[in-house]
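Number of protein chains: 2
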Amino acid sequence: MLQTTAYKALTSDTLSTRLGELTSLTSRVGTETKDWKIQEVGDGNLNLVFIVEGSKGSAIVKQALPYVRLVGDSWPLPLYRAYYEHEALVRQAARNPGTVPEIYHFDNDQALIVMEFLSPHTILRHKLIAGERVQGLATFLGTFCARTAFRGSELSMKSSDKKTDVSLFAGNIEIPAITEALVFADPYFNAERNHHTPELDDVVNELRQDVELKTRVQELFMSFASNTETMVHGDLHSGSVMSTATDSMVIDPEFAQYGPMSFDLGMLIANFLMAYFSQPGHRSEDTLDEYQEWILAIISESLVTFEDEFTTLWNNERTGMLYPATLFEDQGHSSQAALQSLLNHLRTEAMGYCGIEMHRRTLSLAHNADFEEIKDSAFRASLEARNLMMGRELILTSDQILDAGTLVALARQYNKGDFL
Amino acid sequence: MLQTTAYKALTSDTLSTRLGELTSLTSRVGTETKDWKIQEVGDGNLNLVFIVEGSKGSAIVKQALPYVRLVGDSWPLPLYRAYYEHEALVRQAARNPGTVPEIYHFDNDQALIVMEFLSPHTILRHKLIAGERVQGLATFLGTFCARTAFRGSELSMKSSDKKTDVSLFAGNIEIPAITEALVFADPYFNAERNHHTPELDDVVNELRQDVELKTRVQELFMSFASNTETMVHGDLHSGSVMSTATDSMVIDPEFAQYGPMSFDLGMLIANFLMAYFSQPGHRSEDTLDEYQEWILAIISESLVTFEDEFTTLWNNERTGMLYPATLFEDQGHSSQAALQSLLNHLRTEAMGYCGIEMHRRTLSLAHNADFEEIKDSAFRASLEARNLMMGRELILTSDQILDAGTLVALARQYNKGDFL
Numbered sequence: 001m002l003q004t005t006a007y008k009a010l011t012s013d014t015l016s017t018r019l020g021e022l023t024s025l026t027s028r029v030g031t032e033t034k035d036w037k038i039q040e041v042g043d044g045n046l047n048l049v050f051i052v053e054g055s056k057g058s059a060i061v062k063q064a065l066p067y068v069r070l071v072g073d074s075w076p077l078p079l080y081r082a083y084y085e086h087e088a089l090v091r092q093a094a095r096n097p098g099t100v101p102e103i104y105h106f107d108n109d110q111a112l113i114v115m116e117f118l119s120p121h122t123i124l125r126h127k128l129i130a131g132e133r134v135q136g137l138a139t140f141l142g143t144f145c146a147r148t149a150f151r152g153s154e155l156s157m158k159s160s161d162k163k164t165d166v167s168l169f170a171g172n173i174e175i176p177a178i179t180e181a182l183v184f185a186d187p188y189f190n191a192e193r194n195h196h197t198p199e200l201d202d203v204v205n206e207l208r209q210d211v212e213l214k215t216r217v218q219e220l221f222m223s224f225a226s227n228t229e230t231m232v233h234g235d236l237h238s239g240s241v242m243s244t245a246t247d248s249m250v251i252d253p254e255f256a257q258y259g260p261m262s263f264d265l266g267m268l269i270a271n272f273l274m275a276y277f278s279q280p281g282h283r284s285e286d287t288l289d290e291y292q293e294w295i296l297a298i299i300s301e302s303l304v305t306f307e308d309e310f311t312t313l314w315n316n317e318r319t320g321m322l323y324p325a326t327l328f329e330d331q332g333h334s335s336q337a338a339l340q341s342l343l344n345h346l347r348t349e350a351m352g353y354c355g356i357e358m359h360r361r362t363l364s365l366a367h368n369a370d371f372e373e374i375k376d377s378a379f380r381a382s383l384e385a386r387n388l389m390m391g392r393e394l395i396l397t398s399d400q401i402l403d404a405g406t407l408v409a410l411a412r413q414y415n416k417g418d419f420l
Numbered sequence: 001m002l003q004t005t006a007y008k009a010l011t012s013d014t015l016s017t018r019l020g021e022l023t024s025l026t027s028r029v030g031t032e033t034k035d036w037k038i039q040e041v042g043d044g045n046l047n048l049v050f051i052v053e054g055s056k057g058s059a060i061v062k063q064a065l066p067y068v069r070l071v072g073d074s075w076p077l078p079l080y081r082a083y084y085e086h087e088a089l090v091r092q093a094a095r096n097p098g099t100v101p102e103i104y105h106f107d108n109d110q111a112l113i114v115m116e117f118l119s120p121h122t123i124l125r126h127k128l129i130a131g132e133r134v135q136g137l138a139t140f141l142g143t144f145c146a147r148t149a150f151r152g153s154e155l156s157m158k159s160s161d162k163k164t165d166v167s168l169f170a171g172n173i174e175i176p177a178i179t180e181a182l183v184f185a186d187p188y189f190n191a192e193r194n195h196h197t198p199e200l201d202d203v204v205n206e207l208r209q210d211v212e213l214k215t216r217v218q219e220l221f222m223s224f225a226s227n228t229e230t231m232v233h234g235d236l237h238s239g240s241v242m243s244t245a246t247d248s249m250v251i252d253p254e255f256a257q258y259g260p261m262s263f264d265l266g267m268l269i270a271n272f273l274m275a276y277f278s279q280p281g282h283r284s285e286d287t288l289d290e291y292q293e294w295i296l297a298i299i300s301e302s303l304v305t306f307e308d309e310f311t312t313l314w315n316n317e318r319t320g321m322l323y324p325a326t327l328f329e330d331q332g333h334s335s336q337a338a339l340q341s342l343l344n345h346l347r348t349e350a351m352g353y354c355g356i357e358m359h360r361r362t363l364s365l366a367h368n369a370d371f372e373e374i375k376d377s378a379f380r381a382s383l384e385a386r387n388l389m390m391g392r393e394l395i396l397t398s399d400q401i402l403d404a405g406t407l408v409a410l411a412r413q414y415n416k417g418d419f420l
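Those sequence lines, one after another, are chains A and B.
To convert, note that position 203 of the first sequence is 203 in the working numbering; the numbers rise steadily by one, no gaps.
To convert, note that position 402 of the second sequence is 402 in the working numbering; the numbers rise steadily by one, no gaps.
Any given hint might turn out to be false.
To be verified - Some chain B residues well away from chain A (every beta-carbon gap over 12 Å; in silico):
1. Thr23
2. Asp35
3. Val41
4. Arg91
5. Asp210
6. Thr326
Unchecked claim - Which bits of chain B does chain A cover? Going by a derived footprint, with three or more residues having C-beta under 8 Å, they are:
7. 225-233
8. 410-416
Honestly, the hints are just simulated from the structure, not real lab data.
In this text the structure is predicted, and so the values were computed from the model without any measurement.
Glycine residues also receive a C-beta, built at the ideal position from the N, C-alpha and C atoms.
Go ahead and model the full structure; you've got the sequences and the hints to work with.
Laid out in structure tokens, this is it:
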């Protein structure tokens, strides 16, 4: 992970010169570098992303920048995160094949990954804002969360392999630190980096006065910071999913770390709930209800799929040291009650993380386009307030969300609320 | 951590030749090696331990063996554990000064630590069997557990330092694997390494049929295996404490790992409860009650001290990223409810780990002298059964032990029970 040759950020002008001899790239896009069409499209917060198109095909060149792009070079960030992103992609590809971009090349010194260009996929968040539907989305996402959670844990992995991996990923300090600060602390006090829609002041003040809420958030923070159950994606929102009308892929695991098995699922549901609450800012009345119900169905099916797939893995791939068959099936004892207890625990935690993500995306540094693209700030605030208040309820009563139906019923209820 | 010069186990005969030039040793015991009195006293399960006495003074030479001493070379064990033991001693000395032996020398290649010989200290377990009392014991142990738990966690440490340390200790795989197997799996099925007093068969069978019990144990196992809250001693029983009538020290942290903040406290209380239940095998009626009540007082005061000291640290040293003052005190909000909630959580977990330790020391490979020294197996079984049954209750109702009084009342109740 040492940077041995001098790192230099690529530009659209230098890319073909610097990478034109790379066979793992030229074999995909063609050797005629003068014909390459190069476009920098990074719309995320951290990296350079180039689409390279040539006579033979296309590829993505993703390069880490030594600072937070969203903030600038006042917030430096280590380049080694590309190493962890690469490692995470390798593990996700093994645990749920075909769900993440294929890697063509990795250059540690340049913090650079050359990988599959997903086309005609577009970012799921944009589709949700545009009111587009994606077939199979919930099955894809629920399965992804269950497989990566289960197969990266000591329910499945050999304990020594998992602990070696924990040691490796524990070397990634600055990236989790971003989540730690922006997600678990900043939303709950007047941090310098924060911003929120001004009309929310009273609601925000109410949340920040809620000591019980902050206590529960810190409990979940402690679990996030200490619990190495599995390798999580770490940033699984609708901007980290690319879809066509019928296919989806997960991208950008640069926030991967060992963390709670419930974390990705919670983050994901939060981002669908924000898509849901923001819809009145993007749809006219005639299509609004139907599309909102479609989003709720995605939430519901994602959760159900997660639990179903987790159950299948539990029954068929429980080869790790935890909940071993020696103690249950081999003794003629069913492990289904133990599974149900674990699923309840994971759902409870997921609901807590979900509520926190709903808060931080409205109150902290990095907001979602779902709300941000709504120009009318008073209107935006009324929708964001629903999101904030439901987030609070999820955090405080996370153990009372016993199934997907309860969750979507709660969403429908908050969707009618006027909190300003 | 690489072994670069050939490791060779010391013997009483070779020690003075091999270590006679070591100034960190000779400065303590004297340079006249021919006058050294060398005694191998290792009574633990894993290591060689030599007392070296010379004209100037004394020292301990502790050397890891490449296998489990209790089992023999059929169970190999990496020598690198001496490295982690040394690292753990350094951290414990920093977090609670004067409570662990002073280190004079560490030789990684020989897996060897030269350290302070504690004299006239003896192993606490032997004192408890002999009916001896130790002044200040509960204060010492409760404080040790609280300080090492708190100061090794992200309540106190800089997050980056703590995560670097998690990465380091995650390299220690085989040692936690021993705990994982012997403590969390073996007691609950008929594992080959197990043994128990024959008269316990029915009770043991009942425990192993209890699916709810096994489920709760596996929940705690998952937390032990994944939760890196703090650096725990990992094996804090009465054989890891050396005392005089008025002074105590903690030894042997070779099972140190990052784990739950509640773990050491739970293990410790379990070993006092086993001392308590085993007393009828060591005392005559005239002193039994009084000494048993003294042990209960130690348990009670250890728990109270832990919570008091943790509270003091919370109020004065909460400089880590978790439960930050920015969210509480700086906003004029008390964090005492959050503290109480965390203490309740730690106590609940500790009671669970306590119950598991009570089981494994009666059912798994490594038993305690407290029971083992009772020759009459039927009598021993009657006392062990009390221990096993209370262990089960602690595991299943761990969240109902709301204070030390409830815990010791439960112990008194089980102490009257006849379960055979």
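Against the structure, the hints:
1. No Cβ of chain A approaches the Cβ of Thr23/B within 12 Å, the least distance being about 35 Å, so the stated non-interface status holds.
2. Here Asp35/B stays apart from chain A, with its beta-carbon at least about 46 Å from theirs, past the 12 Å limit.
3. Against the 12 Å criterion, Val41/B stays outside the reach of chain A, whose nearest CB is about 32 Å from its own CB.
4. Distance check on Arg91/B: its Cβ is at least 16 Å (rounded) from any Cβ of chain A, clearing the 12 Å threshold; non-interface status holds.
5. Not every C-beta of chain A lies more than 12 Å from that of Asp210/B, the closest at about 9 Å, which undercuts listing it as non-interface.
6. Remark: the non-interface label on Thr326/B conflicts with the geometry, its nearest Cβ contact in chain A lying 5 Å away (cut-off 12 Å).
7. Judged by the Cβ-Cβ criterion of 8 Å, the segment 225-233 of chain B is covered by chain A as claimed, because 5 of its residues qualify and three suffice.
8. With a threshold of 8 Å between beta carbons, the proposed coverage of the segment 410-416 of chain B by chain A is violated, since 0 of its residues qualify and at least three are required.
Comparing the model with each earlier hint shows violations of hints 5, 6 and 8; every other hint is respected.
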